[in-house]
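If you're matching them up, the sequences are chains V and B in order.
Residues in the first sequence are numbered from 1 upward in steps of one, following this note's numbering.
Residues in the second sequence are numbered from 1001 upward in steps of one, following this note's numbering.
Treat the hints as calculated values from the structure; they're not laboratory data.
Be aware that a few hints might be false.
Straight-line alpha carbon distances no greater than 20 Å define the calculated EDC-like cross-link-like pairs of lysine to aspartate or glutamate that follow [what the hints assert, rightly or not]: (1) B/K1083 / V/E558; (2) B/K1052 / V/E94; (3) V/K470 / V/E485; (4) V/K134 / B/E1033; (5) B/K1052 / V/E136; (6) V/K470 / B/D1078; (7) B/K1083 / V/E213.
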Amino acid sequence: MTITADDLSPTISLDGVRKARGNLTQARIRWMTLAVVMGFLAVGGRLVQLGMVETDTTIEGQTRDVITATRPPILDRNGLEMAVDIRVPSLFAEPRRIIDVEEAVTKIRTVLPDLDEEWLRKRLSGNQGFVWIKRELTPAIEDQIMRLGIPGVDFITESKRFYPAMNEASHILGSTNVDNQGIAGIERHMDTESIALLQDLGLARGNALTPVELSVDMRVQHVLHDQLMDAMTRYQAIAAAGAMMDIYTGEIIALASVPDFNPNDPSSALVKDTFNRVTAGIFEPGSIFKTVTLAGALDEGTAKITDEFDARYGVRFGRYTIDDFHGKHRILTMPEVYKYSSNIGTIRIMQTMGKEAYRAFLTRMKFDQRVQFELPEMRVPSIPKELSEVGAATASFGHGLSVSPLHMLTAYAAFVNGGNYIAPTLYKRSVAQAEPLYERVIQPQTSAYLRYLMRLNAISSGGSGSQMNKAALGYRVGGKTGTAEKVVEGRYSSNKVTNFFASAFPLDNPRYAMVIMVDEPKAENPQSGTTAGWNAGALTGRVVQRVAPMLGIAPDFEQVLDQQIVPPEVRRIFPEGY
Amino acid sequence: MIRRLNIFLICTSIVMLVGVYMLKFSIEGTASERTGLIAHISEQEDELSTLKADWAVLNQPGYIEPIVRRHQAELAIDQVQQKQFGSFADLPMRPAEPDTQAMDALFQAIDAGIDPIDAILELEGIE
Chain V
1 MTITADDLSP TISLDGVRKA RGNLTQARIR WMTLAVVMGF LAVGGRLVQL
51 GMVETDTTIE GQTRDVITAT RPPILDRNGL EMAVDIRVPS LFAEPRRIID
101 VEEAVTKIRT VLPDLDEEWL RKRLSGNQGF VWIKRELTPA IEDQIMRLGI
151 PGVDFITESK RFYPAMNEAS HILGSTNVDN QGIAGIERHM DTESIALLQD
201 LGLARGNALT PVELSVDMRV QHVLHDQLMD AMTRYQAIAA AGAMMDIYTG
251 EIIALASVPD FNPNDPSSAL VKDTFNRVTA GIFEPGSIFK TVTLAGALDE
301 GTAKITDEFD ARYGVRFGRY TIDDFHGKHR ILTMPEVYKY SSNIGTIRIM
351 QTMGKEAYRA FLTRMKFDQR VQFELPEMRV PSIPKELSEV GAATASFGHG
401 LSVSPLHMLT AYAAFVNGGN YIAPTLYKRS VAQAEPLYER VIQPQTSAYL
451 RYLMRLNAIS SGGSGSQMNK AALGYRVGGK TGTAEKVVEG RYSSNKVTNF
501 FASAFPLDNP RYAMVIMVDE PKAENPQSGT TAGWNAGALT GRVVQRVAPM
551 LGIAPDFEQV LDQQIVPPEV RRIFPEGY
Chain B
1001 MIRRLNIFLI CTSIVMLVGV YMLKFSIEGT ASERTGLIAH ISEQEDELST
1051 LKADWAVLNQ PGYIEPIVRR HQAELAIDQV QQKQFGSFAD LPMRPAEPDT
1101 QAMDALFQAI DAGIDPIDAI LELEGIE
């Protein structure tokens, strides 16, 4: 029995076949359940994980299209907008989706008749995916075209630069092209600085850009521009320009040059003669350069303010004789040389310091190089490397060298602010920020003498600045006229002149310097003349009369204010001071 | 037992299904609402940019001056002259205040029949 049992079934199977299969199935089901549970756990776990993830919403701004790239608004020093971005619709087409090109062309031209029919037909046929038809349109035109219902033609919103002041600050602002890149003026400068980089990084999107604050005061800018435009008709000049600067901070308060252009229509900048005469024009400065000569001699100590100079006869150089325009032909004191704008006297003053020292002084005043300034439109001044005897003589009264009006402005600012050269800027700057940039060019005492001389020229009888002072009474303005004859066919012409007036106010405690230029003016009426006092001078007076109250300068007729800037040495020769 | 459980589970899954779909549709609704709002905001931003530009134009001195010139004669306005400016230092001092107490005393005295002038006249020997 045992043998058979051993033989027949070596293993004893207690369960039946069915039961064994059932067990197997159950084990499989268990495994399956486990797998399913694991699966669900995995899905659940992933859901929990996804729920914990914080979505980064900041990235959304960067997906916006490049063409809505914005530029920061530009504000004047009082927060008035000088340049803003507006969103404008631009018309584009998808030629491959246009069914009837002829119909589309006809329809579009009913709204935009200035589009060339042939050009538009060529543009719309073909298999391209995207072509511009016309960019920067108005919402009204967008409406009209949408109503035409042409398939394959649509609008996209673009940022466009808009300059609400139109022409008024055109040379300061410059302009931008259709892709919103600065092509001139401060817009161009901003691009080279930072905006282009920001746009590349995709950060310059939306309206979140910090506004750029300029040093310009739009009210003053308006008055200056208005007066320059007035000068164009009043004196039938071919051009006029001017700039005003804060002498302590170097901030440009106003800068204008006419003829100008409308920055909203950049193509108008391509018209001839619209260049910025203040920075990109170089001119023979004429007699306003005499202040530089006097400053040099006074600062070197080679001439004193009480010295007398022989102006009885012209100065001879070989065959040439240099004489005075309003010749007094007597011995003149230094204040008289300045007041009567004596060429002879100025040459004598220059000769006390010698041509080398004089040339070195011009370098010290940075007349050799471009003025360090934000605007890209700049020209290098032209001054001979070495001055000959005659060259130095003519240079002493502003002939035979060419500088920009901006050079003269910065020089005058340094002359009246106590002798510190400060490079001009178009960005807002405080005195504290400007002080580390000061560069001493003349002594404070020399600066005090020059203030007196400039004021003397305005109020003393026979002073060349008296025309200027007529309108600006009470604002203590002083300055120097400059009538530079133009070279016509190789010789100096007496009826084609460039006139300047360089001034500063209020001279008892100066704050602002200004240079005005009028190019080829004619006499306003038969009683007036064409010298600088009649046009550039009178223009300066009218500008100061209007802007001084805006700049917080009250008129004051107290004689003592003028008397207190008279240097004590001068009292010995002119007891009354003026 | 199993049957009840199954019925319960089927009911729960139907409820869940309905719930999930409702959630899905409501989310789709919210999403389209959001897109609509974004479009609306961008439209309004466009409008705002135009309005801001308008405002900037209206504030420009160059825009205001022609308006002033146009109404110059009617409103009798002109450019401010130097003599129109003044300072606080130029104002005269306030005149001395009248002595109200003394005046009151005087009137009371007159009312009471005492005339201070009489005394002076008597002293001078007039009358």
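Hint check:
1. As the CA atoms of B/K1083 and V/E558 are separated by approximately 13 Å, the hinted pair is consistent with the 20 Å bound.
2. Annotation: proposed proximity of B/K1052 to V/E94 is violated, straight-line Cα distance about 33 Å (limit 20 Å).
3. Simply put, V/K470 and V/E485 have alpha-carbon atoms about 25 Å apart, too far for the 20 Å limit, and the pair is violated.
4. For the hint pairing V/K134 with B/E1033, the CA-to-CA distance comes to about 32 Å; that exceeds 20 Å, so the pair is violated.
5. About 18 Å separates the Cα atoms of B/K1052 and V/E136, which keeps this hinted pair within 20 Å; it holds.
6. A hinted pair counts as satisfied when its Cα atoms are at most 20 Å apart, and V/K470 with B/D1078 qualifies at roughly 18 Å.
7. Restraint check for B/K1083 and V/E213: the C-alpha separation of about 35 Å exceeds 20 Å, so the hint is violated.
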